[in-house]
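Protein chains: 2
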Amino acid sequence: MDTMKYQYEYPRPSVTVDCVVFGLDDNEIKTLLIQRKLEPFKGEWALPGGFVLMDEDIDAAALRELREETSLDKVYLEQLYTYGAVERDPRYRVISVAYYALVKLSNHKVKAATDAENVGWFSASDMPKLAFDHNIIYEAALDRLRAKVRYEPIGFELLPKKFTLSELQKLYEIILEKTIDKRNFRKKILSMGIVLETDEIQQDVAHRAARLYQFDEKKYLNLKKQGFNFEI
Amino acid sequence: MDTMKYQYEYPRPSVTVDCVVFGLDDNEIKTLLIQRKLEPFKGEWALPGGFVLMDEDIDAAALRELREETSLDKVYLEQLYTYGAVERDPRYRVISVAYYALVKLSNHKVKAATDAENVGWFSASDMPKLAFDHNIIYEAALDRLRAKVRYEPIGFELLPKKFTLSELQKLYEIILEKTIDKRNFRKKILSMGIVLETDEIQQDVAHRAARLYQFDEKKYLNLKKQGFNFEI
Numbered sequence: 000m001d002t003m004k005y006q007y008e009y010p011r012p013s014v015t016v017d018c019v020v021f022g023l024d025d026n027e028i029k030t031l032l033i034q035r036k037l038e039p040f041k042g043e044w045a046l047p048g049g050f051v052l053m054d055e056d057i058d059a060a061a062l063r064e065l066r067e068e069t070s071l072d073k074v075y076l077e078q079l080y081t082y083g084a085v086e087r088d089p090r091y092r093v094i095s096v097a098y099y100a101l102v103k104l105s106n107h108k109v110k111a112a113t114d115a116e117n118v119g120w121f122s123a124s125d126m127p128k129l130a131f132d133h134n135i136i137y138e139a140a141l142d143r144l145r146a147k148v149r150y151e152p153i154g155f156e157l158l159p160k161k162f163t164l165s166e167l168q169k170l171y172e173i174i175l176e177k178t179i180d181k182r183n184f185r186k187k188i189l190s191m192g193i194v195l196e197t198d199e200i201q202q203d204v205a206h207r208a209a210r211l212y213q214f215d216e217k218k219y220l221n222l223k224k225q226g227f228n229f230e231i
Numbered sequence: 000m001d002t003m004k005y006q007y008e009y010p011r012p013s014v015t016v017d018c019v020v021f022g023l024d025d026n027e028i029k030t031l032l033i034q035r036k037l038e039p040f041k042g043e044w045a046l047p048g049g050f051v052l053m054d055e056d057i058d059a060a061a062l063r064e065l066r067e068e069t070s071l072d073k074v075y076l077e078q079l080y081t082y083g084a085v086e087r088d089p090r091y092r093v094i095s096v097a098y099y100a101l102v103k104l105s106n107h108k109v110k111a112a113t114d115a116e117n118v119g120w121f122s123a124s125d126m127p128k129l130a131f132d133h134n135i136i137y138e139a140a141l142d143r144l145r146a147k148v149r150y151e152p153i154g155f156e157l158l159p160k161k162f163t164l165s166e167l168q169k170l171y172e173i174i175l176e177k178t179i180d181k182r183n184f185r186k187k188i189l190s191m192g193i194v195l196e197t198d199e200i201q202q203d204v205a206h207r208a209a210r211l212y213q214f215d216e217k218k219y220l221n222l223k224k225q226g227f228n229f230e231i
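Taken in order, these protein sequences are the chains called A and B. Position 217 of the first sequence, counted from 1, bears residue number 216 in numbering that gives the first Met the number 0, the numbering being contiguous throughout. Position 19 of the second sequence, counted from 1, bears residue number 18 in numbering that gives the first Met the number 0, the numbering being contiguous throughout.
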């Protein structure tokens, strides 16, 4: 049986995609991992990912692999970095294009399939040693996520349409992993002009109902185009 | 003659690297291009680049291709983005990892070799239609360069060790392509604390000699680690 049916004049590497999906719950950021069903690193935890098919764009490959292995769908993946060290895969030369995303954990049910034996959301404190160079990719994605806060405000997709400033502050605190002074936070976020007061207050809360706010997306996109600094 | 000596079970794409090297002269940013000696796009201008070898890291491949085709050496290339649309190369599937750098044009002599018929520095206003998707890669690199000013001050490698604030301002104006108010610029750059006054002034100038300054690299690295915003 001749299984080597693809022949080339020059040697070629394989190309994979790997996805770092951060899921935000009420108190922390968790990371979506799969347990590998196949060698190499069989039984070990890894980022979801796999080989790019010849007739699909790399972005599409990342979405497909994520969907196949974890059933996670409709995620806005952004390209992170490409990892191309010669020895990063024990089998043969594999160059991997890494992607990352931040989603609201409770909105996404996950289920292992295809090459994944198991799937789970891992806290930073429980992060296992991952297959390949995936710990390095994970750290780079975390750095990028935190740096991104400077040029893109957090929250558009992660909060309900109307939210309290405390909810927004909590989001910043979880992602930046630091406590933020409440007064400074309010002053700064309101002075940007991208968060607007509504005439509504919270409903059905035990404590004093807080004012609800919403994002002004048009204003935000304008500021972003001008290179505005959204840092808190 | 059997030239197809590399055989694989699954099809594999080729992987290339492409380099956007910006050269700063006295008045503008120019871009280093090569004229292709080979098909496809023979005779057309393109970014320097080529195939990644199986035994070299992708970063090393970018440096090697740049050196081979343009004789440009010792450049600090940073990874930009990976381009992987299915049809981006008319021959077969090629995924390209793009890099970029900013150098002082006068420090670098270039000379065409290997797959490059010709080499040259092109002004933005003279940018030709490039081979493959290279115009898209060029635009992305320019955007990245300008965005970078926010989290990394310009100038460390581009100015002499001691420089005037006018020289530094000119650098910002060229890269950001806008005029900057002199008083605001001085106030802002000095308040960051990364540019220090020396006790020297310019020598051999016709006009009134200006004060010389130098970078405080230690202070800068400290601020950078804290996520400081260096925007002017």
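Hints may contain errors.
Repeated chains share a single entry, so a pair holds when one copy, or any two copies, can fit it.
[As the list claims (entries may be wrong)] Lysine-lysine pairs mimicking DSBU-like chemistry, simulated, CA-CA at most 35 Å apart:
1) 128 x 217
2) 41 x 217
3) 186 x 36
4) 186 x 4
5) 224 x 128
6) 4 x 110
7) 187 x 36
8) 161 x 103
9) 160 x 4
10) 186 x 224
11) 169 x 29
12) 4 x 108
Since the hints were made in silico from the structure, they are not lab data.
Do the hints match the structure? See the list:
Taking identical chains as interchangeable, the C-alpha atoms of residue 128 and residue 217 lie at most 35 Å apart only when they sit on different chains, with a minimum of 34 Å there against 43 Å within one chain. Neither within a single protomer nor between protomers do residue 41 and residue 217 lie at most 35 Å apart by alpha-carbon distance, with minima of 48 Å and 45 Å respectively. In the homo-oligomer, the alpha carbons of residue 186 and residue 36 never lie at most 35 Å apart, since the shortest distance is 50 Å inside one protomer and 59 Å across protomers. When the C-alpha separation of residue 186 and residue 4 is checked against a cutoff of 35 Å, the pair qualifies neither within a copy, at 64 Å, nor between copies, at 66 Å.
Within a single copy, residue 224 and residue 128 get their C-alpha atoms only as close as 40 Å, which misses the 35 Å cut-off; across copies the closest is 26 Å, which meets it. In this homomeric assembly, residue 4 and residue 110 come within 35 Å of each other (Cα to Cα) only inside a single copy, at 34 Å, whereas the closest approach across copies is 41 Å. In this assembly of identical chains, the alpha carbons of residue 187 and residue 36 never lie at most 35 Å apart, being 48 Å within a copy and 56 Å across copies at closest. Taking the closest pair of Cα atoms, residue 161 and residue 103 come within 35 Å of each other only inside a single copy of the chain (16 Å); across copies the shortest separation is 50 Å, beyond that limit.
Taking the shortest alpha-carbon separations for residue 160 and residue 4, neither the intra-copy value of 53 Å nor the inter-copy value of 59 Å comes in at or below 35 Å. In this assembly of identical chains, residue 186 and residue 224 lie within 35 Å of each other by CA distance both inside one copy and across copies; the values are 23 Å within and 25 Å between. Taking identical chains as interchangeable, the C-alpha atoms of residue 169 and residue 29 lie at most 35 Å apart only when both belong to the same chain, with a minimum of 15 Å there against 45 Å between chains. For the homomeric pair residue 4 and residue 108, neither the shortest alpha-carbon distance inside one copy (39 Å) nor that between copies (46 Å) is at most 35 Å.
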